[in-house]
Amino acid sequence: EVQVLESGGGLVQPGNSLKLSCATSGFTFSTAWMYWYRQFPEKRLEWVARIKAKSNNYATDYTESVKGRFTISRDDSKSSIYLQMNNLKEEDTAIYYCEGVGIRGWFAYWGQGTLVTVSS
Amino acid sequence: DVVMTQTPPSLSVAIGQSVSISCKSSQSLVASDKNTYLNWLLQSPGRSPKRLIYQVSKLDSGVPDRFSGSGSEKDFTLKISRVEAEDLGVYYCLQGTHLPRTFGGGTKLELK
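Chains as they are written, first to last, in this note's numbering: chain A, 372 to 491; chain B, 8 to 119.
The set of hints was computed from the structure by calculation and includes no laboratory data. All values derive from a computational prediction rather than experimental measurement. Errors might be hidden in some of the hints.
Said to hold, decoys possible - Coverage of chain B stretches by chain A, computed from C-beta distances (three or more under 8 Å per stretch; other residues unrestricted): (1) 56 to 64; (2) 97 to 111.
As the list claims (entries may be wrong) - Pair by pair, the computed Cβ-Cβ distance ranges are: (3) B:S77 x A:N457: 39 to 47 Å; (4) A:S436 x B:S88: 38 to 46 Å; (5) B:D8 x A:T488: 45 to 53 Å; (6) B:R89 x A:P412: 30 to 38 Å; (7) B:T12 x A:S396: 32 to 40 Å; (8) B:K119 x A:N428: 49 to 57 Å; (9) B:S75 x A:W477: 14 to 22 Å; (10) B:K65 x A:L376: 21 to 29 Å; (11) B:L106 x A:S401: 18 to 26 Å; (12) B:S39 x A:S444: 21 to 29 Å; (13) A:D432 x B:S88: 33 to 41 Å; (14) A:G386 x B:K119: 34 to 42 Å.
As the list claims (entries may be wrong) - Distance condition first, Cα-Cα at most 27 Å in a straight line; then the derived DSS-like pairs of lysine-lysine: (15) B:K115 x B:K65; (16) B:K65 x B:K31; (17) B:K41 x A:K423; (18) B:K81 x B:K31; (19) A:K449 x A:K423; (20) B:K41 x A:K425; (21) A:K449 x A:K425; (22) B:K81 x A:K414; (23) A:K414 x B:K65; (24) B:K115 x B:K57; (25) B:K65 x B:K86; (26) B:K81 x B:K57; (27) B:K57 x A:K414; (28) B:K31 x B:K57; (29) B:K86 x B:K115; (30) A:K414 x B:K119; (31) B:K57 x A:K423; (32) B:K86 x A:K414; (33) B:K31 x B:K41; (34) B:K41 x A:K414; (35) B:K119 x B:K57; (36) A:K390 x A:K449; (37) B:K31 x A:K414; (38) B:K81 x B:K115; (39) B:K65 x B:K41; (40) A:K449 x B:K57.
Positions of the beta carbon are idealized from the N, C-alpha and C atoms, including for glycine.
In isolation and in its complexed conformation, chain B is listed as follows (with noise of 0.2 Å):
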């Protein structure tokens, strides 16, 4: 099975300031289709996860331009610019180029 290993596990943070997330892969994510399947996903406490990222930088609808994503091959970043109250949670990454899935083991992102 493909390994995420997600860096840092906690993050303390006042509103406004900029963060980044680490996921780093034991193989490469680069599919046969030549698409990268490295999904971000936030759950907000109490929440569901909700995906905020796919393909590595592609937003979904709806998510601030405050979110990018970046990275190839086993080495991802998650960018959060001007951090708000809302994007308290904790934030995961997924691949999906092998199966099984696999997730990150988060990074929870508190307020200072």
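Isolated chain A, as found in the complex (with noise of 0.2 Å):
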């Protein structure tokens, strides 16, 4: 059975930082291309970051508005991976999503979401 659960989401002040976790089984780590998404209170759904596979020299991406703040990165022994938020804003405010996917995009399994507020 599959399985992807994020977790370290929470209630934060402005400028403070937080990492979420997400761990999965189930499927094929090591050569899975791994994702973080949020949505926002009003349901629109964006891309945070991605994270590639060893064979891919484990390459990263982020999507403009994190960039500089947010760090992803991964843990192939413990199948799972990471998002570090720093300097949080109120427009960070989500729910945080994890994505597995496979090879030539052959699977892809999505978490339950971790809610991260930022508010003073």
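Relying on the hints, combine the two individually framed chains into one complex.
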């Protein structure tokens, strides 16, 4: 059974940091490309970051609004990815989802999400 | 950024009816490897999104063949034949050809 489980969300003040985790099982993590997305309160979905597999040198990409503030990383030994979020802004308030995508896109699994609220 | 324009924003359907959802991109979604990375996802009420279709027309494992995807370049369609209650929710198209990956605004499928 495939499991994708995000954690680490919560209430944080503007300017502070938070680290999200995404633990997976049930699929070949080491060759999967992993993604973070977010869904704003108005339900709009946005891609946040991507990290490729070891064979692609763990290359990373980010949406413009989080560049320099967010860092995606992965630990293949734990089948997990992370999102370090620094200098958080109120507009970062959203549910954050993790997705694992297999080689050639043959599978894609989303987690249940973790809520991040940035507010003073 | 590639803008994904999804229509209609909502659909009211009866069980057993067939429906189509359109997704148009501001740029061609044909990638340098000749593949077209256009996905369709369903977010059922209270749930996270789930991918149904990838590369325009390939069904994910376990997705009923009542679902079908078609299209090319900049114009794509999701068709649901014989809608069932479990199909209700919000459908999104997502392009993965260009960075940043971008979503359509969603189509809410409701019961008539």
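* Asked: Honestly, which of those hints from before does the structure not fit?
  -> Per hint list: 5, 14, 34 violated.
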